[in-house]
Amino acid sequence: MTLAAVCAALAVLLWPVRRVGWRPVSRTASAAPSAASLDEAAVALTMLAAVLRGGAGAVESLEAVAEVDDSAAGRELAVVAAAHRWGEPPDRAWAHAGPGWAPAASAWHAALTAGAAPADLVESAAGRLRAAEARRVEAAAHRAGVLLVLPLGVCFLPGFVATTVVPVVLLLLGEL
1 MTLAAVCAAL
11 AVLLWPVRRV
21 GWRPVSRTAS
31 AAPSAASLDE
41 AAVALTMLAA
51 VLRGGAGAVE
61 SLEAVAEVDD
71 SAAGRELAVV
81 AAAHRWGEPP
91 DRAWAHAGPG
101 WAPAASAWHA
111 ALTAGAAPAD
121 LVESAAGRLR
131 AAEARRVEAA
141 AHRAGVLLVL
151 PLGVCFLPGF
161 VATTVVPVVL
171 LLLGEL
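In case it helps, the working numbering puts the sequence shown at residues 1 to 176.
Don't read these hints as lab results, they were simulated from the structure.
Remember, predicted model here, so these are calculated numbers, not experimental data.
Every residue, glycine too, gets a C-beta built ideally from N, C-alpha and C.
Take the hints with a grain of salt, since some may be wrong.
Stated by the list, open to error - Using C-beta positions, here's what the derived DEER-type ranges look like:
id : residue 1 : residue 2 : range
1  : A35       : P89       : 21 to 31 Å
2  : R135      : S71       : 35 to 45 Å
3  : G87       : R53       : 20 to 30 Å
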């Protein structure tokens, strides 16, 4: 059998696997869904504020954003909306979403307990989330700068000592 015939046979045998979409099987029993990043949460809260300004109700707005947002933030908002539908108070409903949603939870709770429109408070919570994410990224950039300089110092310091300090010390010792 020639190499071309073997390749053709493999292509025919693997055709159904390629059409179905082969994925490796994970070894874990159940994969935990990932939590929403601060950036995803800020985008979702901005959308939520826009829907609230459009005149939709609080729970309906949560459900609308969860329906159009395919990220982890949308899934977490769907959980919050379901908790609201089941009659849980706002603080317990937002507790299901995770710790990254704390500014949104406090804004939502304040708006609903005061009877005010939550759109402005939710939008300001999105701004606080964006600021927190910007601070985190800036701190990571500073850490990366330090971590990049350390290996350079370790590599160049021996060369500097060998080419500048040692000859000067030897010259001074030779004159004594």
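Results of checking the hints against the structure:
1. A35 <-> P89: 21 to 31 Å: Taking Cβ atoms as reference, A35 and P89 lie about 22 Å apart, which means the hint holds.
2. R135 <-> S71: 35 to 45 Å: Since R135 and S71 have Cβ atoms about 21 Å apart, the given range 35 to 45 Å is violated.
3. G87 <-> R53: 20 to 30 Å: Since G87 and R53 have Cβ atoms about 26 Å apart, the given range 20 to 30 Å holds.
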